[in-house]
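Engineer: So you can see what is in the structure, the chains are spelled out below.
There are 2 protein chains.
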Amino acid sequence: MVRTGRRPGESGTRDAILNAARESFAAQGYDGATIRGIGRAAGVDPALVHHYFGSKDALFAAAMQLPVDASAVLPDLLAPGLDGMGERLVRFFLSLWESGRTRAAMLAVFRSALVQDRAATALREFIGREVLGRVGSQVPGPDAQLRASLVGSQLVGLAIARYVLRVEPLASAEPETVVAAVAPTLQRYLAHEGLLTGTSHHA
Amino acid sequence: MVRTGRRPGESGTRDAILNAARESFAAQGYDGATIRGIGRAAGVDPALVHHYFGSKDALFAAAMQLPVDASAVLPDLLAPGLDGMGERLVRFFLSLWESGRTRAAMLAVFRSALVQDRAATALREFIGREVLGRVGSQVPGPDAQLRASLVGSQLVGLAIARYVLRVEPLASAEPETVVAAVAPTLQRYLAHEGLLTGTSHHA
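Those protein sequences? They're chains V and H, same order as listed.
Heads up: the first sequence runs through residues 4 to 206, numbered per this note's numbering.
Heads up: the second sequence runs through residues 4 to 206, numbered per this note's numbering.
Here chain V stands alone, though its shape is the one from the complex (with noise of 0.2 angstroms):
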């Protein structure tokens, strides 16, 4: 849908829409807020809200200023395949950091969730949903949800010690060292069957 400018009054709809976002997935979380929900408490009808924001994850990352929407980023990292998906993930997920302009993003974030039981909730829900779920279906195995969220688990670490705690000689290494070091341990949750069931057979 091409944007063609906007009409008188746009803004605030958009900002009336916004903050009924963000008090929905508050209140009932990632999964439980609606696109029709969040249309009847900014008093705009939902098309309007499809209109402006598409789905609901690309609502959520406006709503939650978060840098960059999954759904629009994560089919390119996954679509090539398996190989090679673990440094994809790493390297990406570094460059939301490395960068000042969403650097800021990614931490009030994180630190919103970390420090807020209702913003951890809806967090963990989109991330779940949106991001490790898009993860997990993409590799194979009947663990790979547990997969998934170690890889998470591995990211998150990163950009605390990195970037929040700043944990030298983490803190000051390149990024190229960094995805280095990192993307084996991605790729060995992502690639390793049966890592759940202790019948590790190794790469």
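Computed, partial: chain V to chain H, Cβ under 8 angstroms:
1) Gly-155
2) Ser-156
3) Gly-160
4) Pro-172
These are computed hints drawn from the structure, not numbers from a lab.
These numbers were taken from a predicted model, which means no experiment stands behind them.
Cβ atoms here follow ideal geometry from the backbone N, Cα and C, with glycine treated the same way.
Starting from the known structure of chain V, fit chain H onto it as the hints suggest.
Structural biologist: Below, chain H without anything else, positioned relative to chain V:
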């Protein structure tokens, strides 16, 4: 030194020392604060600080209400050597979070470090010197400290994902499943020389 019962006023003195320690660690960081300065701020002889709390890291653990003192625990975890070190570290770390008695304290420490810059500075220095420094000193190679900090990143991320964000199915997985999944990651970081340079040789 054997404790022979509390004198009148002892708990007041201990509290004064702990308050002075919290102030000093926040103002000067872990590295900058000294037993001498903390004693002076509390209006007691530094020898009394030593008497009550022993070392600076034990005083930090008491002041920050850490559930364990790293200097009391890590030697036993590291002493058996590199073989199995990853498993011993993740198993012990998980035990701190699995017990209701210590989980709340771990959570409080994490949250304060993530939202207060002064708390983050002191905790970073403490972790760097007393935890990762000790781990790094027990593993081979010129990039030992980087590899120790990568171990820290996976453990921090595991705690955040499993116990704070409660990402499923990681949050509900059995502790032994988590140990089996994460121990090889830590072991690779610990044992994998050439991580920095890219001249990797897989075990």
